[in-house]
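S.K.: Given the structure of chain A, go ahead and fit chain B onto it with the hints provided.
Residues per chain are reported as follows:
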Amino acid sequence: MAGNITLEVVTPEKVVVSEEVQIAVAPGSLGEFGVLVGHTTFLTTLKTGTIHYTGADGEQKYIFASGGFAEALPDKLTVLAESAERRRDVDTGRAQAAMERAQKRLEKEDEDIDFTRAKAALERAVHRIRLAETRQ
Amino acid sequence: MATLKEVKTKIGAVKKTKQITRAMNMVAASRLRGAQTNMDGFRPYAEKFAEVLGGLSGRAGEEANPLLLPHEEVVKKHIILCTSDRGLCGGFNAHLISKADSFIKETGEDIEFSFTNFGKKGRDRCRKSQIPIISEHIGVIGTVIKFNIASTVGKGLIDGFLNGEYDEVYVVYSEFISMGRQVPTIKQLLPIPPLEIDEDETEDQDKQYLAEHICEPSPDELLGELLPMSVYVQLYSALLETSTSEHAARMMAMDNASTACDDMIDNLTLAYNKARQASITAELMDIVGGAEAIKG
Numbered sequence: 419m420a421g422n423i424t425l426e427v428v429t430p431e432k433v434v435v436s437e438e439v440q441i442a443v444a445p446g447s448l449g450e451f452g453v454l455v456g457h458t459t460f461l462t463t464l465k466t467g468t469i470h471y472t473g474a475d476g477e478q479k480y481i482f483a484s485g486g487f488a489e490a491l492p493d494k495l496t497v498l499a500e501s502a503e504r505r506r507d508v509d510t511g512r513a514q515a516a517m518e519r520a521q522k523r524l525e526k527e528d529e530d531i532d533f534t535r536a537k538a539a540l541e542r543a544v545h546r547i548r549l550a551e552t553r554q
Numbered sequence: 010m011a012t013l014k015e016v017k018t019k020i021g022a023v024k025k026t027k028q029i030t031r032a033m034n035m036v037a038a039s040r041l042r043g044a045q046t047n048m049d050g051f052r053p054y055a056e057k058f059a060e061v062l063g064g065l066s067g068r069a070g071e072e073a074n075p076l077l078l079p080h081e082e083v084v085k086k087h088i089i090l091c092t093s094d095r096g097l098c099g100g101f102n103a104h105l106i107s108k109a110d111s112f113i114k115e116t117g118e119d120i121e122f123s124f125t126n127f128g129k130k131g132r133d134r135c136r137k138s139q140i141p142i143i144s145e146h147i148g149v150i151g152t153v154i155k156f157n158i159a160s161t162v163g164k165g166l167i168d169g170f171l172n173g174e175y176d177e178v179y180v181v182y183s184e185f186i187s188m189g190r191q192v193p194t195i196k197q198l199l200p201i202p203p204l205e206i207d208e209d210e211t212e213d214q215d216k217q218y219l220a221e222h223i224c225e226p227s228p229d230e231l232l233g234e235l236l237p238m239s240v241y242v243q244l245y246s247a248l249l250e251t252s253t254s255e256h257a258a259r260m261m262a263m264d265n266a267s268t269a270c271d272d273m274i275d276n277l278t279l280a281y282n283k284a285r286q287a288s289i290t291a292e293l294m295d296i297v298g299g300a301e302a303i304k305g
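Top line first, the protein sequences correspond to chains A and B. The working numbering numbers the first residue of the first sequence as 419 and each following residue consecutively. The working numbering numbers the first residue of the second sequence as 10 and each following residue consecutively.
A couple of the hints might just be wrong.
To be verified - Chain A stretches covered by chain B per the calculated footprint, using a threshold of three residues with CB under 8 Å from any CB of chain B: (1) 427–433; (2) 436–448; (3) 452–461; (4) 496–504.
Bear in mind the hints are in silico, worked out from the structure with no lab data behind them. Just so it is clear, CB atoms sit at the ideal spot from N, CA and C, and this is done for glycine as well.
Excised from the complex, chain B in its bound form:
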């Protein structure tokens, strides 16, 4: 049986831990709100962009943009791994990293991989396994992300793709579905996969009116301008989603930790009371024993 004092110190320690986890939970909650506002701010842009791009790609000529053309031989694949800079967010980073790992395993061994890292956790992992890191960006995820980060990195990727440094580019990020659910996702960035055609009626209407647009310069040239931008947009949205997911994951993890602290405090208090009772009983026994001895 632990002594009274030991148990008491332990209760104090757990209570302090709980204070910390609770504070982190609240910080994550307020950051999450900020991140969600950013995502909401991006939505109108993304929607309009997708609409225009969809309409344009329908009318562009046969001559395809080099960004759309797959390379004949695929030997070099590049992965953009988005993770957080900090831990204490449950399995968030581990899930993302294992997603990237399993992708590497699936694709086979005769392919050269390289990485662009967003976030310290993923970078540390890549350093350890000695996969070449082309560039790393720390202090981006989890903050207010500027679009020019996405466009600068995106530009580098596009150049690399056109030069033949990479044959395919993927992004691993965490899709934010809800507060309780963030799914590690892998998406192909380059070559740009063919646009999915939605069968929605509204979409069809959009396309109809887009078909009548006067374009300046020609639709093909416009498309040439928009395609690189669509890569930036995708990358930016991946960063935003990962960022939002990180805060949500941390919030959940800290919430669980606080609950676990509560349980632990309950158990320890029980142990404390038991120990206290036991010591009182022992003292009583002593007194009674002493009194008996005097009487005797």
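Just chain A, same shape as in the assembly:
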């Protein structure tokens, strides 16, 4: 390996991850992108989804992230997300409840609902659940 980059995932509430990684892959709004050491400076918004990275020890790790953007520098990837959590911290029960809530809201088409918001909530919940399912 040519070297490691620093991956930082920050939410308004806390720093979720700050560690040395070999490679990090994040879901950019125009497509997924991977960052290795020496990446060109790059700024993009993120879709709701999963950031996965290979730690310095070679272990694959996953983080759920939604609503934010990422900045890549040659030696660093910073992700500013509205919410983010490591795979092991994903609360499946809460996500399940959020999914049902969002689905119910979407079903009531006639009413005046915030369609985009409900859809975004559903998307977040689905991504969380899918990620949690890959846990061993």
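M.R.: Relative to the frame of chain A, chain B by itself:
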């Protein structure tokens, strides 16, 4: 002169009050620590955000985002008033409310005001003066605040601003400067005021490297995404600061109250001892008087 028993009861009462104020002081102190941790947790995000936003706004095109454009006619102003839910924190809420009041007075009468309230105290005040309250959020300030509260409220404000429900949006909050100093502050949220350009050298460096960034999607679109977020960030930091300030203010108020209790206990003990002395003297006089009478 108060009787012995009265003074004694009073001392007991003040001692109990002191126990309560001391306990509240300690509770506030530990909550304050929690609130400060939250603020510290938010700082890295806020700093990075400001850096990226600053760099981007420098390169965005001429075509301005609607959030940056002032409305031509300003008749409807919206104020987000952050206060605490509970009292017993000195002049904390009163200062915040008077800040909002003086702002309303200064701006003149032909402007319609409406409120979003965080905290019971400010809401009660608005209800009394019958200013329309658009939304109220109780049980937020003083607890662990989630970012989604700020983003939900912020989203509503932005929509309102774009629809023309409000022409300007302000937030009144308490800036946390130190344990002993919290300053009520008013800040304009919408339209987003032009970014202040810091002349710091470090800032310039940041901008230089940001200028070379590849942006995806275009800088203008990115800015369009980031600007609403910057409103949430501002709002969130206002909530955090108010929350921290509340605990600091309560801690100070309770500390003062405990000291006042000490003073009062001292004075009362003095009065108690005086009363006790007086009664002993009176009893002695009685005995001596009685003995004299028998002798006589």
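S.K.: Evaluate each hint against the coordinates.
M.R.: Comparing the hints with the structure gives:
1. 427–433: Coverage by chain B holds for the stretch 427–433 of chain A (6 residues, Cβ < 8 Å).
2. 436–448: Contact hint for the stretch 436–448 of chain A vs chain B: holds, 3 residues under 8 Å.
3. 452–461: holds (count 4)
4. 496–504: holds (count 4)
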